[in-house]
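A.B. asks: Each chain is listed here by its residues.
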Amino acid sequence: MAGEEEERKKKGFKLLGILDVQNTPCAREALLHGAGGSAVAGLLHFLVTSRVKRSFDVGFAGFMLTTLGSWFYCRLKNAKLRVQQRMVQEGIKNKILYEGTPLDPTNKPRPSGPS
Amino acid sequence: MAYPLQLGLQDATSPLMEELIQFHDHTLMIALLLSTMVFYTILTTVTTKLTNKNMLDSQGIETIWTIAPALILILIAMPSLRVLYMMDEVNNPHLTVKTIGHQWYWSYEYTDYKNLEFDSYMIPTQDLIPGQFRLLETDHRMVVPTDSPVRMLITADDVIHSWAVPTLGEKMDAIPGRLNQTTFVVSHPGVFYGQCSEICGANHSFMPISVEAIPLIHFEDWSTSMLAKI
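First to last, the protein sequences are chains A and B.
Throughout the first sequence, residue numbering follows my numbering, covering 40 to 154 in sequence.
Throughout the second sequence, residue numbering follows my numbering, covering 328 to 557 in sequence.
Keep in mind the hints are simulated off the structure, nothing from the lab.
It is possible that part of the hints are untrue.
[Unchecked claim] Subject to a maximum C-alpha distance of 25 angstroms in a straight line, what follows is the list of computed SDA-like cross-link-like pairs (lysine to any residue): (1) B/K376 - A/A100; (2) A/K92 - B/N379; (3) A/K116 - B/T354; (4) A/K92 - B/T371; (5) A/K132 - B/S475; (6) A/K116 - B/P406; (7) A/K116 - B/M413.
Could you build all of it, start to finish, from the sequences and the hints given here?
C.D. replies: Now the structure itself:
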């Protein structure tokens, strides 16, 4: 099982030989959005202006902007998720450590009434 | 664990290495897009039919290609400095391990409670049992507890060595007469390998590092058994 997983990882597609698209979080989505954005931008420009070369340039610019935008948005979301994950892990660890003690974070303080 | 023909970083075993990998991916994407843009620009420049022998004013493009690289560098520098300062944070280590580089082996000292010291030699290829890794296995592993900050004090006995474990994001020079400090936290149990990373003589490639991370309760058993053995 571990061997199969490792093999799949070894065969991961490396864009331009450097970026492992399959194993880098957000890379695949960013590149796919970029490809889509490039196609849409280039096609729209061509339909409006009928200029082929300029449409290619616009398409390329669309690719850059869409890829960057999608990448940063996805990375930011992931970073927030990772922070939340760590807080949850810390919380679970603290609950296990302090359960039943006065330091238990889930203990609700009892209201002190007249004696 | 490294695999043949590996180009990228190993999977992270410490929170610091996870941050380093995030930063690496971020910078790599920027580098990839820039390379694509340069390639496209060269392609269009080479294939254009337009020719002009006179120098023209170009304030617009010059402004753009001055400001844009500055912005890109800021975009790279901000996470870089964040990770850099994160690496220097003091995190109240639970354990201190001293490691000394020798020609050509590492020795480890656990002197927090009792004096536990041992040497760690590479297992020669002819002595490996099936399943063991060539040039990576050692006779005694450095054992640490998981989820506990560990402080490493690194020095050397003779020439400069370097204590490196890629999956933990650790690399620190072992310099004679100097004590270097680094800290790490191992997130999950396992065995993690590294190799000496500073040329130190004939057997520089044959003094690996192997770190075994185990839960704290088993770590106590291990240290008791090691003390009994020694």
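A.B. asks: When the structure is checked against the list of hints, which entries are broken? Sort them ascending.
C.D. replies: Hints that this structure does not satisfy do not exist here, as all of them hold.
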